[in-house]
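Chains as they are written, first to last, in my numbering: chain Y, 1 to 482; chain V, 1 to 287; chain U, 1 to 299.
The set of hints was computed from the structure by calculation and includes no laboratory data.
Glycine included, every Cβ here is placed at the ideal spot set by N, Cα and C.
Take these hints with a grain of salt, some might be off.
Which chain Y residues stay away from chain U? Per the calculated CB distances, all over 12 Å, these [claimed, not checked]:
1. G30
2. D60
3. K245
4. G253
5. T405
6. N480
Taking beta-carbon pairs under 7 Å as the criterion, some of the chain V residues facing chain U (in silico) [what the hints assert, rightly or not]:
7. P137
8. P284
9. G286
10. V287
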Amino acid sequence: MSKTIKWEYSPAPEGTDRIQLKEQYDLFIGGKFVAPKSRQYFDTINPSNEKKIAQVADADQSDVNRAVASAKKAYNNVWSKMAPKERGKYIFRIARLLQERAREFSVIETLDGGKPIRESRDVDVPLSVAHFFYYAGWADKLEYAFPGRKAKPIGVAGQIIPWNFPLLMAAWKLAPALATGNTVVLKPAETTPLTAVKLAEIIQEADLPPGIVNIITGTEKTGQAIVNHADINKIAFTGSTEVGKYIMKAVAGSGKKYNLELGGKAANIIFEDAAIDQAVEGIINSIFFNQGHVCCAGSRLYVQEGIADEVISKLQKRMETLIVGDPLDKNTDIGAINSKMQLDKIKMYVNLGLDEGGSIYQSSCSLPKKGYWHAPTIFTDVSQSNRIVQEEIFGPVLAIQTFRTVDEVITKANNSPYGLSGGVWTDKGSKIFKVTKDIRAGVIWANTFNKFDPASPFGGYKESGIGSEGGIEGLSDYVNLV
Amino acid sequence: MSKRIDIQKTYKLFIDGKFPRTESGRYIKWTDSNNTTVVNICRGSRKDFRNAMVSARKASRSWACRTAYNRAQILYRIGEILEGRRDQFMAELTLQGLTKKQTASEIDQSIDRFIYYAGWADKYQQVFSHVNPVSMPYFNFTVPEATGVVAAIAPNDTSLLGMVSIIAPVIAGGNSIVILASESFPLCSITFAEVLHTSDVPAGAVNILTGYRSELIEHFSSHMDVNAILYCGDNGVDKKLVETNAALNVKHVIQFPEQNWAKDEHQSPYHILKCQETKTTWHPIGV
Amino acid sequence: MVKSKNSTSQVIDQIGTQERVARLFSRSIKKESKVQALHLALSMIDLTTLEGKDSSGKVKQLCYKASHLHDSFSGLPNVAAICVYPTMVPVAKKALEGTGINVASVATAFPSGMADLQAKLDEVKSVVEDGADEVDMVISRGEFLRGEYEYVSDEIAQVKEACGNAHLKVILETGELVTLDNVRLASDLAMEAGADFIKTSTGKVSPAATPSVVLTMLEAIKDYQIKTGKKIGMKPAGGIGTAKQAVQYLVMIKETLGNDWLSPDLFRFGASSLANDVLMQIVKQSTGHYQSKDYFSID
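Given the sequences, and given the hints that come with them, work out the whole structure.
Set out below in structure tokens:
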């Protein structure tokens, strides 16, 4: 016998020398970068090593006022009067410019948010580009989207972006808003502002008339000022259900429209007749994609009893091959947790799962000393009554239950206040249609999971949100039909 | 010979396909403008609403799972039965102050509205569904799907047409509904329930309550099992309350101002879409 | 016996398999790990010549190459085996004496397998007598596709018996099986019937070894090990001509079957032109200069 070698991958870090980052970023208002009236800035750090990357402006009420005034003026004087096809050309231009600088944006997204470069390079940035391309083409075709009605823009949209897909969510919100003729005040998340301010540079380069897109960085109070601003006609928000409810209450009685993409606790259901190896890979994608910081993550796994041992054992083996570490390394599968706050929350839930009597399995990977990290984790011996089965953890933590019959698993899948997404794995076509029809959720992946495309609407039922983003449906939330 | 004494109608609630009195035992005295006719209307309570919600939730799945063709036929059937009950509605509408001409028009419109939405029941999904050309080897399609249970505050200034204009698109789209009838003009609501009762509408798919808005709106909007709250009216305080309470479980909020429901523009497939969710399904294309 | 697919074999989703492949193949193998992988790949090659015009002269040249891959560069391994037609086995055996390099012979009416069983068994016995260390048989695809799984299985078992101590590689000719479900089923059949290795292709049918097919076979091997504890080898053949592909396959093995399979005992590349591309990459890694084919011998 020849001796077996232990072959390990050498580090393969993506270079950071081709990106351009300043030490300080101002607010993008009225087509210019302007210093905040607040004179306050805050640091944005790299969650993989806790080092400061840059500082960004902290917009206060007066800054929000400026941004909204600029958006309102641009709406009244420019954007609402522009021929739709010209509007479209600007959006196409943004898409192209972003595409040209894709590598730079990927690196910055990874530095600022901790997600693996593999994902920012292969998912976040190209999908963002695709969104701008897709909606650019809608600008002068809206009459085909709403048969029998005429679509009118709403006015000024306030858009509040989460930290899990900073650039992609900005693209999801900006592209349809602009295509339908609205102007925008956009606020990126506090922990991940950089790709949004870099996008502001692209918008400037694209010569978009001043004020149509205003990008202001800030904290929670900046978001509140946007939500409560009287001249904002529409709020678009992606984030937690808790904040979503706050927004609903805040805008109650104001006549503001809103669409909300909120939390989830998706059921991912594996039947005995499924293609097991692909299902296992699907489970990995469903819960460990982007460190589990995904609202549609398949965080509740239901495995039919006859294959439970096999699936769980394969899942554990597969978890061992996940590479956890430097997000800039091209081989990294699992990057850093986005913030200390989020890491604490995940740890709290893992401890809760243990206290509740769940059996834990964690990948044996070693975690870096500096930065925020969490090993891929699964829990078995849990039930619907466990809090880790009920509540959104937003981290790489999977709760696994077994089931016996189709009816049982559908009932359990729907036994949740959320309804964003779901997964079903079976080789039987009719069973797919039965289950996908009965699951109360907005996106159902059959024999796959966590797939996204600009042409495909995304949105939740129940406490997972109001409205859809993506596809023709994604236009509806940005128009008044007359 | 003595004059024959009329049999007067008892105005009850319509819950779970049955006609119970309000569990609270309370009533609202309704008088016509000439003070000649006095009717005791049930003053529906929080618990009546709760019971109606239980029934609506139970019915929502089975109603949504009926074939679109079947739902269309049942909506058409409602129109048929309405037509047959024309005289009774005439009398009630007249009693509630409408002229003969207005009465005839309101009934015509109400019937036509059901015929209109009967036609949509098996088409709106066709018109508003899409196959999405995603950039991967996947078949991807999007279909509107009933949101579930709708709690509705019917328009106040019409007795029949307003309520019909709300109910028809909601149930055409496969939802079940609990609706609070016009407070000012409640008489037609229970007669309309009798129409539903004889139209093969499954028990619980439509539940009709009478009572005070001010008392029930809080419960309609705060109930955690309601998927969409529909409010008709212009009261700013009510609207804010509805929107605020909707946040409790992220309900859809649908609002209509008081308006002339007779206009054709107030019937539309977009009304059906207001109580629909959007479901997108992905499946790989391979061998 | 094996009649119904569902009762015996895992179903395979084609798109999910392709996506897994894409993810594996996006691994970035650099620096030391690349050098290590390239050396490993060389040692796993079954240097192959399977042409109608093969002659003893050609085979002798190839055998010399097998143990002298690039003499101007020290520290290179030999390839694992030479793979030839039955008539060339004695030539190869003699030429490779003392090198430690195995002689593999295709047999069983390669590449079509269209001969009666006895003729196939005789051929196998003959190549083993002539000194073949490894026998690469083909399965009867026609029988397989018409559902005669038992026939296919029995045939493999009899060939295995005829092999004696020689290692048996079972060629599924996946290009003719078409679906991954069939590939999986054929893999399971072959392993249960006694294959020491399962091999994708003859190299005479297109497509030969595709990444999805290889992944499917590796997963079958993994499940067979879980079930029986036995480690079956894998040999993709045909269509693998570049060092990059070879390294990608090593990634695939490592992340499905693990380090145990990173050995010529359990993994081989059936290829004729791969060796030189790997050599060029090894020299490039060492010198830093991109290489020209003119500097690498083409036996």
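Right, here's what the structure says about each hint:
1. The Cβ of Y:G30 sits about 42 Å from the closest Cβ of chain U, beyond the 12 Å cut-off, so the non-interface label holds.
2. Against chain U, the non-interface label of Y:D60 holds: every CB pair exceeds 12 Å, the least being about 44 Å.
3. The non-interface label for Y:K245 is consistent with chain U: the shortest C-beta to C-beta separation is roughly 36 Å, beyond 12 Å.
4. Distance check on Y:G253: its Cβ is at least 48 Å (rounded) from any Cβ of chain U, clearing the 12 Å threshold; non-interface status holds.
5. Here Y:T405 stays apart from chain U, with its beta-carbon at least about 19 Å from theirs, past the 12 Å limit.
6. Once the 12 Å rule is applied to beta carbons, Y:N480 is consistent with being away from chain U; the minimum gap is 40 Å.
7. Look at V:P137: its Cβ gets to within about 5 Å of chain U, closer than 7 Å, so that hint holds up.
8. Residue-level restraint check for V:P284 holds (minimum Cβ-Cβ distance to chain U is 3 Å; threshold 7 Å).
9. Interface restraint check: V:G286 against chain U, minimum CB-CB distance 3 Å, threshold 7 Å, status holds.
10. The closest approach between the C-beta of V:V287 and any C-beta of chain U is roughly 5 Å, which is under the 7 Å cut-off, so the hint is satisfied.
Figure legend: structure checked against the earlier numbered hints; every hint is met.
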